[in-house]
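*Asks:* Whole structure, please, built from the sequences with the hints as guidance.
Next come the chains, spelled out residue by residue.
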Amino acid sequence: MKYLMLVCVDPDHVPADDDGAPTIDEWFARVKENHVIGSRTRPGADATTVRVRDRQVLLTDGPYAETKDLMAGFDVIDCADLDEAVAIASQHPMAHHGVIELRPFWPFDQD
Amino acid sequence: MIRFTGGDWNLAEECAQDAFAQALRKWPADGVPDQPLAWLTTTARRRAIDLIRREALEAAKLPEVAMTEPAPYPDDGDIPDERLELMFTCCHPALNLEAQVALILRCLAGLSTAEIARAFLLPEKTMGQRLFRAKQRIRNAGIPFRVPPVHLLPERLPAVLHVLYLLFNEGYTDPAKARLCAEAIRVARVLAALMPDEPEALGLLALMVLHDARRAARRDPAGDPVTLTDQDRTLWDRPSIDEGAALCERALRRGRAGPFQVQAAIAACHATAPTAAETDWAQIVALYDHLARLEPSPVVELNRAVAVSMASGPAEALPLVVALSETGRLDDYHLLHATLADLLRRTGRHAEAVESYRRALALAPTEAERRFLAARLP
Numbered sequence: 001m002k003y004l005m006l007v008c009v010d011p012d013h014v015p016a017d018d019d020g021a022p023t024i025d026e027w028f029a030r031v032k033e034n035h036v037i038g039s040r041t042r043p044g045a046d047a048t049t050v051r052v053r054d055r056q057v058l059l060t061d062g063p064y065a066e067t068k069d070l071m072a073g074f075d076v077i078d079c080a081d082l083d084e085a086v087a088i089a090s091q092h093p094m095a096h097h098g099v100i101e102l103r104p105f106w107p108f109d110q111d
Numbered sequence: 001m002i003r004f005t006g007g008d009w010n011l012a013e014e015c016a017q018d019a020f021a022q023a024l025r026k027w028p029a030d031g032v033p034d035q036p037l038a039w040l041t042t043t044a045r046r047r048a049i050d051l052i053r054r055e056a057l058e059a060a061k062l063p064e065v066a067m068t069e070p071a072p073y074p075d076d077g078d079i080p081d082e083r084l085e086l087m088f089t090c091c092h093p094a095l096n097l098e099a100q101v102a103l104i105l106r107c108l109a110g111l112s113t114a115e116i117a118r119a120f121l122l123p124e125k126t127m128g129q130r131l132f133r134a135k136q137r138i139r140n141a142g143i144p145f146r147v148p149p150v151h152l153l154p155e156r157l158p159a160v161l162h163v164l165y166l167l168f169n170e171g172y173t174d175p176a177k178a179r180l181c182a183e184a185i186r187v188a189r190v191l192a193a194l195m196p197d198e199p200e201a202l203g204l205l206a207l208m209v210l211h212d213a214r215r216a217a218r219r220d221p222a223g224d225p226v227t228l229t230d231q232d233r234t235l236w237d238r239p240s241i242d243e244g245a246a247l248c249e250r251a252l253r254r255g256r257a258g259p260f261q262v263q264a265a266i267a268a269c270h271a272t273a274p275t276a277a278e279t280d281w282a283q284i285v286a287l288y289d290h291l292a293r294l295e296p297s298p299v300v301e302l303n304r305a306v307a308v309s310m311a312s313g314p315a316e317a318l319p320l321v322v323a324l325s326e327t328g329r330l331d332d333y334h335l336l337h338a339t340l341a342d343l344l345r346r347t348g349r350h351a352e353a354v355e356s357y358r359r360a361l362a363l364a365p366t367e368a369e370r371r372f373l374a375a376r377l378p
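These protein sequences, in sequence, are chains W and L.
If you're matching positions, the first sequence starts at 1 in full-length UniProt numbering and goes up one per residue.
If you're matching positions, the second sequence starts at 1 in full-length UniProt numbering and goes up one per residue.
Please keep in mind that the hints were generated in silico from the structure rather than gathered at the bench.
This one's a predicted model, so the numbers in the text were calculated from it and none came from an experiment.
C-beta: ideal position from N, C-alpha, C; glycine also.
Derived Cβ-Cβ restraints for the label pairs, each shown as a range:
hint : chain 1 : residue 1 : chain 2 : residue 2 : range
1    : L       : 146       : W       : 2         : 18 to 26 Å
2    : L       : 173       : W       : 103       : 35 to 43 Å
3    : W       : 18        : L       : 329       : 25 to 33 Å
To list a few chain W residues with every Cβ distance to chain L over 10 Å, as calculated:
hint : residue
4    : 18
5    : 29
6    : 36
7    : 41
Residues from chain W shown here face chain L by an in silico Cβ test under 10 Å; the list is partial:
hint : residue
8    : 1
9    : 85
10   : 86
11   : 104
*Replies:* So this is what it looks like as structure tokens:
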């Protein structure tokens, strides 16, 4: 089962000096088998939003309001179940410094 | 069944119902099979394979069908484990507490949606939607159907025990929902039998059995609660008390006393005392000390202070409750003010007692409790 890991900053959380967070290299080493793709992403200032309204492509300079300043990156992981996905997400450094949202994939052949 | 259908709850439920329907048709004519449960399971599984096959044909996924040939079902030996898997799936931390409780009642206690709705005073439609969403979530979020691996057990078991105790209390505080107590005890028995190395599972079972043993004495004929001191002890269920006390002792012998075991030990002290005055209050104070270390909470402190007042007199207990009330943490809790009022009255400080009774009266959540407190005002 595939999950999208939305890696976000948490504006309300100030990490402690030593919060036991692994490094990103440690995380990659741990999830090699489950990792499909992933990257950090440029900040909202570099984002472009795309809408098509009345057949017109409308572009906005900057992020969609809902994800402004929150999304820092993403990963796609392939896991047996939610327990494994949680185990992987909780070892990501940003689970310690920020917050990670797990979204299960919804293939088109499933209801 | 749920594991068998690859986590498809609706399919599992449909197939189980189908198997029961077949049993109703066939058993009266052919006689009940030697192993009825195994028969039902096998029948339900065959039906599931038929349905999965049909779906697979539609989706042109024939290779998968070859993998799902029915294995002969040996005996019903693994059914208890399946219940436990169900229990842990229902209490998965990715489900909210309301969903956990509703699922346990539906899938483990076997209550109908209408019965669960009644127990929680909700419209049947609302409860039906809640159950449907919870089952969808288990499937869609990929919540596994299994007893968690050993390294996750210590963090998962407390949630399971917590939900069971919540269920019990729901039935304990409201006579209209009394059936929930029996269901919670029944599920706890399964859990304790399946996890004999977990003394807290045994401790919770002991605690609920001991509380339930006092059921008949807890309310007067008008339905008002009767305090422990005033209860008619001849109405207590002696065999249940003996069972609960024995369970508690068995759990404590493992030498890993958790909060449920300590609470069970306190309940056992009360339940085995011939009268309120002859209760081993010193022992109860010691147990509350232990509980406060395991699970510090102002409510535990308050209960400990009540035990101190019984063991050593109101003058000893009063400063403890005064200190507790000065923290302000139980300001909205009527029993804090009622306890304070009682101790003030018993130490001759009547004017202050009246003031505390008034505060307790204003906060008391039920009519019966308000009557009880009002009777103590001049």
